[in-house]
Every structure is written in C-alpha cells, then in structure tokens.
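Here is what each chain is made of, one letter per residue.
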Amino acid sequence: MTTPQSHIPEGGDDLLAAEYVLGVLPLPERLAVEARLRDDPAFAERVAAWSGHLSSLDADFPEVPAPDLLPQIEARLFGRADPAGQRASGRRGLGRRWFLAGGGAIAAAAAVGVFLTRPGKPQLLMAEIAAQDGALIFQARYDPGTGIATITRTRGQAPGDAHDYELWIIHPGQVPSPAGLVSAPTRRLTLPKLAAGDTLAVSLEPAGGSPNGKPTQVLGAGVLSLA
Amino acid sequence: MNDDPLAAYLNDVAGGDRAAFGALYSAASAKLFGVCLRILNNRAEAEEALQEVFTRVWINAGRFDADRARAMTWLIAIARNHCIDRVRARRDDILPDDTGDPFARMPDPAPGAEARAMAQSEARRISECFDTLEPARAEAVRGAYLEGLSYADLAKRHAIPLNTVRTWLRRGLLRLKECLES
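Residue numbers (this note's numbering), protein chains in the order written: chain H, 142 to 368; chain G, -9 to 172.
Since the hints were made in silico from the structure, they are not lab data.
You may find that some hints are simply not true.
Stated by the list, open to error - Label pairs and their calculated CB-CB ranges:
{"no.": "1", "chain 1": "G", "residue 1": "S172", "chain 2": "H", "residue 2": "G153", "range": "17 to 23 Å"}
{"no.": "2", "chain 1": "H", "residue 1": "P347", "chain 2": "G", "residue 2": "L152", "range": "18 to 24 Å"}
{"no.": "3", "chain 1": "G", "residue 1": "E168", "chain 2": "H", "residue 2": "D180", "range": "24 to 30 Å"}
{"no.": "4", "chain 1": "G", "residue 1": "L152", "chain 2": "H", "residue 2": "G153", "range": "16 to 22 Å"}
{"no.": "5", "chain 1": "H", "residue 1": "D274", "chain 2": "G", "residue 2": "A126", "range": "30 to 36 Å"}
Cβ atoms here follow ideal geometry from the backbone N, Cα and C, with glycine treated the same way.
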C-alpha cells in the first residue's frame, strides 16, 4: 500500500481524510489523496465518515437562483446546437408543442436524420476529450464506415508506468463501457457503432486498465459530432 | 425514497431520463449554484462550474445509492469537489500533473444505512461538538468547508504563521473527532 503522505504526523490518516473533505489541501496533495482513495478502502471509509460528519454544514450554503444553463449542459452531453436533440431531450413542453403543431412526423424525421449520413461516404465523427483545466486533451476521430477510431493525445503527459489511460463509450443515458487503452500518444481502435451525440471519455486507471469494468477516475469527456 | 424526491429524480436520470434531469436541475440548481458561488466567489466561473457539475451528475447518477446518502448531500459533494479543485488549481497556480481534473470520484458520504437514519441526530451532535472548539478553530473549519479556504487563506484570515496553521487546524479537527466519537 502506498502512503504518499509520509510526512504527516501521528494519527495522520484520519486527519488527512478530514483535510481532504474540508478541501484545505494544496492540489498536489489533494490529487495524491484521490489516487490513494482508489485502492485503500479503509482510508476511503475514513473519508466517507468525515464527509458524513461535515455534511451537516451543507445547510449553511445559500440557495441562489441559477440562470437556466440546462440548454448548454444538454448541448455538452447530447450534442451541440442540435435542435433535434433538444426536441428529443425530454423537455416535454417543447416536444409536445411541436407534436401538437402537426410537426410530429417532421420532428421525428429530423431527430433520426441527425444520426444519418448522406448516401455515399459516411461522414467522420470527431470529439475533443479535454480535462477540465485543459492540462490533458485527446482528439478523437471516428469513421463510421470502418468503425476505426483514432485517438491522439494532443496535450498532457503519458500516464506513467503504474497507470494507463482508458477510453470509454457512453451512449446517452447509459453507463460507460470500456473501449481500450489510449496511453500511447496515438492509438487506432476498432469500436462498436457510434453516432453523433455519443460521449467518449478518458479515465486514469491502474496499469492494464480498469479492474472492475467501471472508470476509476474520469479525466475528461467529449461528445461526438459530425466533422 | 419517498422522503427524498431528489433521489427519485437521480434514479430516473441514471436510467437516461432527460425530463428527470430537467426536473433535477429545477429543483437543485439554486442550492448547487449557491455552493459554487460561495466557493468560487465569481459569477461567471460559478456558472461554468455549475454546467460541469450537472454534466458529472448525468454521467455519474448511476453511482448514487439512496440507501447510503441523501441526494442533496451527494450533489453538494460533487459540487464542492469540483469547485475546490478549480480554486486550488487557480490559487496554487500549479497545473495538476497528468492526472488532470478528477471527476466526481467521491466516496459515499455516509457508510451504512443506519448513518442515513441517524443523519438528524448526527447534525445535532456535530453542532454540539463544534461548540467545544475554540471559536477561531470552529470558524476556520467552517470557512474551509463552506468557502473553500486553503491553509494559506486560513493563515491570513486568522493571523497564524503559515508554517503552524496546519498543526493549528489539525488540533481542532482532532478535538472534533474525539468529541464525535465520545
């Protein structure tokens, strides 16, 4: 078991868990704690216990009416500037108005149409998979004709000997499914059928990939759209 | 959970229900925006953070377990984690190494079903235990949790030398722990 915080004084683990939950740790230590959380269940329990204790402070966060950012959030998740996606987005009011206006069939056709490509050569799909802070970026290109995806790391470092980057496919509303390791600067992978609106994500995993079929630590995600 | 309507939304969101996602946004965005604003102290950044938080909620909804935590507790933990990562990256001015930005990988806030049932008495208990702390230390713990203050911020605010502020706060945390376990 690794103990990255060897300079922490006696009783350190429990206090380290408290410091992590409080959020006072500098970023490098914070990341070290997060790495440890993944393979040290006893330590994870301590963190869970402190989260429970301190969550009683949650009542002190004020409620501040937020602007309606749902359209932007849905665009990130389900496809950008995609009117068909909006209609299919389950925002019932809008969907029903379209339907009642007699546009039901047209709307349905449009919703399907966005996932279809013109006859002939299928159009490439692209996604940028970026960590929140932009320190790590992957560009993904997917050819629906061949099912081959090229994943190129355009920013950030290799994962190191003890870790791998792993690619995940997330169809809207479904759990991520593993799609292969992408630790090399460029990887070509044959993937199952993907469509615009599907999400690709990259996680950091122990060497060899996720031990349990679920992403361990998702670093970033991006939605596929037509190139 | 009938006493936790947000948990029902989260379950539906886990199944890919976008209407439930919209309802969850309506019901929870004010509180989560409050969290983001309080920690980030900047409206534009808080709006960006809120988008990221809800993106993570959609992707991770399947990991929510209503037997282990209240939905709002889980949501706030995601928001706090993300905002604190942001603020640390900003203030420390250090790019995280290749691990990038970690994604809402928080452990369940309360282990065991009984913890959920005990949430009320736990809240009372922790408030009593806060009262046993020296006021400045209690204030520091609250400031860190609610405003995302770093050790450097706490040192400044409480006029404590930077090289002793960690020991100072840890003493408070130790006291809190002893009280909670007594």
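Status of the hints after comparison with the structure:
Checked against the given bound of 17 to 23 Å, the beta carbons of S172(G) and G153(H), roughly 21 Å apart, stay inside it. For P347(H) paired with L152(G), a C-beta distance near 35 Å fails the hint of 18 to 24 Å. For the hinted restraint 24 to 30 Å between E168(G) and D180(H), the CB-CB distance of approximately 29 Å keeps it satisfied. For the pair L152(G) and G153(H), the supplied restraint of 16 to 22 Å holds, since their beta-carbon distance comes to about 19 Å.
Between D274(H) and A126(G) the C-beta distance comes to about 33 Å, which sits within the given range of 30 to 36 Å.
Against the hints set out earlier in the document, a violation occurs for number 2 only.
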